[in-house]
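A.B. asks: Count along the sequence shown from 1, add 85, and you get the number used in our numbering.
None of these hints come from the bench; they were simulated from the model.
Don't take each hint at face value.
With a cut-off of at most 27 Å between alpha-carbon atoms, the simulated DSSO-like pairs for lysine-lysine come out as follows [to be verified]:
id	residue 1	residue 2
1	Lys218	Lys87
2	Lys218	Lys255
3	Lys218	Lys88
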Amino acid sequence: MKKIVISLGGSILVRGEDDSGYLRALRELLTSFPGEYRFIIITGGGPTAREYIAHGRDLGSDEATLDWIGIAASRLNAWLVISAIGPSCYPRPAEDIEEALSASSSFRFVVGGGTHPGHTTDTVSALIAERWKASAFLNLTAVPGAFTDDPTVNEEATRIDRMTSSRLLKLVSGTDKGAGSHSVMDPLAANILHRARLPTYILHGRDLGSVASCMRGEPFQGTVIEPDGG
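Given the sequences, and given the hints that come with them, work out the whole structure.
C.D. replies: Given below as structure tokens:
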């Protein structure tokens, strides 16, 4: 059995660019893999979360409440993915790690969002991947891989096609010599993936051709994170 954990950024799901069409294409891709492939997908909150958190902060909400607002937005996005996948998917967003793991024994697809204040959806995904002993961890973001700096603001930023998990830790903590302020993954998630020695891949979530190639073990546009240490 191949167990794939996908951290699906909310900014990939809801972009105002044929979002329903993207979700249909994602469904076609995931369901095209044979039955031995099992998936747990954790969705981020994206623009919806950022907008509502901004309103909550303006109204004086504390940080824990703002986290719950973000979690609610991520679960709203999870409902969209569940709707797209259909009957082969666990019928509601998994609300914690135990529920996701339990559901994976009966359903080929399980989707969830945030779980607890203080944990990003990257961290939730990484914890699930570690507990599940996943075959691979895919981080689907709004940029095609890990870069030396934020490529959306720095034209000189270059993609790092391959790196060790130790270097990823340095990159996301800002201690890598080539790193700027751009972080493609939060440090806690990177640390979990490093200690678990999980093969990790960072790709643009809307480049489904590369996502398919990655899961098939073929060349793709993105970054390969090779486990070391742990």
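A.B. asks: Next step is simple, just say for each hint if it's right about the structure.
C.D. replies: These are the hints, each one checked on the structure:
A distance of roughly 10 Å separates the Cα atoms of lysine 218 and lysine 87; the hinted pair therefore holds under the 27 Å criterion. This hinted pair checks out: lysine 218 and lysine 255 have alpha carbons roughly 24 Å apart, not beyond 27 Å. With a C-alpha separation of about 8 Å, the suggested pairing of lysine 218 with lysine 88 holds against the 27 Å cut-off.
Taken one by one, the earlier hints all hold for this structure without exception.
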